[in-house]
Amino acid sequence: LTVREHLYFYGRLKGLSKLQAQYEIDKYIKALELLDKADVRSSSLSGGMKRKLCVGIALCAGSRVVLCDEPTSGMDPAARRALWDLLIAEKTRRTMILSTHFMDEADMLGDRIAIMADGKLKAVGSSFFLKKKYGVGYRLICVKRSECDVERVTELLRKHIPFIQVESNVGSELSYLLQEEHSRGFQTLLEDLEKHGEELKICDFGISLTTLEEVFMKVGSDSTGAPQIGEEASLHSLHSYSTSTDQESRTTIDDYELLEGSRLFFYQIWALFLKKVYQTYRNWFLLVVQVLIPVLFVAVTIAVVRNWGGSGNMPPRAIGLRFYNPSVTLIQMEPEDQIGSLQERILDNYMRLFRSMPSIPLRGEEWMEDTFLQFANANLMLVNRQFIVGAGILNNNLTAWFNNEALHSPPAALQMMHNALLKTFTESPGFNISLTNSPLPYTDETRLQLMRTFNNLGFQLAYYTGFAMSFVVGFYVIFYIRERVTKAKLLQLVSGVNRLTYWFTGFIWDYLTYAFVCIFIIITVAIFQEPGFSTGGEVFRLYSVFLFVGVPALPLTYIVTLYYNVAPAAFIRISVAYIVTGTALFIFVYLLGTDMFELEELSEVLSNVFLIFPHFALCDAIVNLSHMSVTIDTCDAVRPPGVTPLPICDEGLHYYQWERPGIGRHLFYCLTMTVVYFVILFVLDFKVLKLIVQKVREWYHRKHYKTNTESGSAEIDSDVLRENERIAAMSVDERTRTNLVAHEMTKYYNRFLAVNQLSVGINSSECFGLLGANGAGKTTTFKMLSGDETISFGDAWIKGHSLKSELKKVHQHIGYCPQFDALIEDLTGRETLKLFSLLRGVPRFNIPFVSMHLAREFGFEKHLDKQVKAYSGGNKRKLSTALAMLGNPSVVYLDEPTSGMDPGAKRNLWNGVCRVRDSGKTIVLTSHSMEECEALCTRLAIMVNGEFKCIGSTQHLKNKFSQGFVLTIKAKRVDSGGKGKESDTLDLQNIKDHIVTQFPDSHLKEEYQDLLTYYIRSNSMKWSQVFGVMERAKQQLNIEDYSIGQTSL
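Going by the UniProt record's numbering, the residue at position 265 of the sequence shown is 265; the numbering climbs one at a time, nothing skipped.
Simulated from the structure, these hints should not be mistaken for lab results.
Don't take every hint at face value.
To be verified - BS3-like mimics (lysine-lysine), calculated; alpha carbons at most 25 angstroms apart, straight line:
| no. | residue 1 | residue 2 |
| --- | --- | --- |
| 1 | Lys960 | Lys201 |
| 2 | Lys972 | Lys132 |
| 3 | Lys808 | Lys487 |
| 4 | Lys14 | Lys50 |
| 5 | Lys487 | Lys276 |
| 6 | Lys972 | Lys960 |
| 7 | Lys50 | Lys27 |
| 8 | Lys960 | Lys866 |
| 9 | Lys132 | Lys27 |
Being a predicted model, the structure only gives us computed values, none of them experimental.
Start from the sequences, fold in the hints, and give me the full structure.
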């Protein structure tokens, strides 16, 4: 539906009239800023717009209670603000319940805020109340260099505040809590820090008041180590919990050698089989359906064909007057006084026969023909229906009359007369003559002709099994499409699986399940014991046909999986395609071969062509089997003397011969097509053609590209230039020592330049951040570095292995956590870790330790044995990140690892990533959360339109691109009934005036509801002065809280 239709539909559902619904639609389309998208189908909206539409649907028709579950996830900051405005405006006359992971959102929108953990309510109240109750006053955040000595910093601070403790030490951030009661001494403390900053190796510091995020961390985070005692337990436990087992397991974790060579290969095969086994086991219902469909089809077919009577010889038929419908029998006799005694006895016995007959005897003395014609003139139709036989019993002769219209009437008439005579001469009623007509057996020619009709079992069985097998084979698309679309397949390839291994293990397992399904079909056929499908040999031949057809059918199905993204749609389409190429073509060819059309040569040619379709081969082979069994039976039958066998019998028939009706050619075609389909599959899956086209394109664009590079080097930032020169000058030896090097890496999509000449070198123990708006080329860069996309120009090396030529080696050194969770839904967390450990070549007995260690490190230990589909978004991200760390890769790529996590889990993941970084790995990170980059990255680069605009450490960038402070002020909300608005604006105005007088060169960056953000461009003012001014202002004006910090990323 379009946006407009959605709103109309839900509006009407909620009971609006047409007119009201139209009004609502216009109102919300305007409010949601979807005017230009009003008539666009929802499937083509971006994620953020879909969220907006969902909120609109919830709000329309004035719903009294509105529940919003993370309404702004996946929106960029501007859209998020717009939605906040809408929710605030719509708040009147409704109750809204909102869940969110963004603390600023809760702070902004929530009149009352509740924090939950482990299914219990931990705290509830206005944001001001929560901050007062759980707040810790001020927070001093220092940005330290790597060589900073934390102890010395703490000593300096203790001069001013005696009992100060380090609150957290994550990445390059060091933070302290400053209690409110000491706030008088802060100014001197800050001055002190400013003086000694350099020698303490502290680049910078900032101060903020308690934010809601800290309250959450304290009250609601589920990732705390020990249960906290009372509210006094500070955040301390959060960051520094590391149990003794952690230290012990750390030793066993890193001390294993990854397997190489053939053992690794066997591990991978084992892992892939395990995956298929788990998938089949968890989806046992699919297998049951796969078995039931063909079994039902076959059983019903055979039952129906049985009722039709088969193509055996004609049955014998009993003949007599009693087998006809009720009739009238005319009897002519001599007048009473002239009849002879013998004739009288005969007549008497004749009349007795009617006791058991459905017929009425009419006696008369007129001449038979006259009587008959009399009746015929009166009603010919009736006579032809009811007069079947007659008798004339006269003194000089006996006549049996019959009506030629009725079938078999002459013998019936004779039989009546003979029976009367028999009873007369034996003088006993116990004897009688019965009459049966047994047709001659068919001649050989007729039998073979009957094989061509539609009502024999061979044809019907072929038709319906072809139909059923279309669905059976169709089911195999489902898992492959799911794996490809969720990127799980890519993750397996990055973990070191070869595409050949991936497809062949899949093929073998699918083939086994397919053979298993076919066994049931064969059992069903065997139970019915129909001729042609009854003996062991015949049943086995039928099974062999099924097995041979499965071999090309599976790779053909795999080819389809590369081009569909929705599994159910693909299943239906491929099943229909198989029905068309199998059963439909089969009937067409079969019809051409019947007597109706007499186009046997054409039918022969076409059937040879269509054998490339596995399902056609199946149908055709079943019919041929049935033909062959009839032909062989005919040839082996006992013949009456003088009847010569057919010429076809002299050829020495056997079932697997090449000529019809043998099935040799079908099996040969099946094997040939398997090879063809697998070749096609690999050509498509390895994107061979794409690569060739690309090489040609590159060669063609190269001249054009060279001129491009020279013109484009005008406005390059000095740091970026320095990095480019450093990489260009690198020797091969240095390259091998550096974990990751990219040199002038470029990517074209056709003419579109997505990534333009990136050069960067990243050493071990470094975390490199890639920042940029959506569409800046971050994900493309990632895809190139993980080997998912080819590099158009330039090259990249990981530990000296080129991404262009040695992908296999590269994959052993990298871990990859994609932007969206590439997990296999049917496995549990533990199984997923086991699968990827095996693919990486982690020795078998280490796997349980490694899995446990990672689960503990990233905090999803208690969910290990749940199926992945039951994981929450945040836990899926944790599992994905853990997978990236398996097998000690030298370079780990994390693409937005913390999207959708709550603050506590986020911090926990950051700690994990920091520990990994400090253990000597290189981490490449992209993220939309700037604080994440500040916490983790040692260097970062900002990308715009596919090129780096700046590169360096966070601090370096801040010093280079900004001077001054950011001051964020949140005014108190006053609930003063009706005149709320005016007094609010008055308060805000007072605050603004005060700021302008105190800081003349301040600039109001943004004003949003009661949140003011100022940018103070002042090099003259010291930190301590700004702090002093704000403390005084807080006492006089209506300020709820404020924070002073450096300009953030």
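Comparing the hints with the structure gives:
| no. | hint | result |
| --- | --- | --- |
| 1 | Lys960 to Lys201 | holds (18 angstroms) |
| 2 | Lys972 to Lys132 | holds (13 angstroms) |
| 3 | Lys808 to Lys487 | holds (18 angstroms) |
| 4 | Lys14 to Lys50 | holds (20 angstroms) |
| 5 | Lys487 to Lys276 | holds (17 angstroms) |
| 6 | Lys972 to Lys960 | violated (35 angstroms) |
| 7 | Lys50 to Lys27 | holds (17 angstroms) |
| 8 | Lys960 to Lys866 | violated (48 angstroms) |
| 9 | Lys132 to Lys27 | violated (39 angstroms) |
Going down the numbered hints, you'll see the structure goes against 6, 8, 9, while the others check out.
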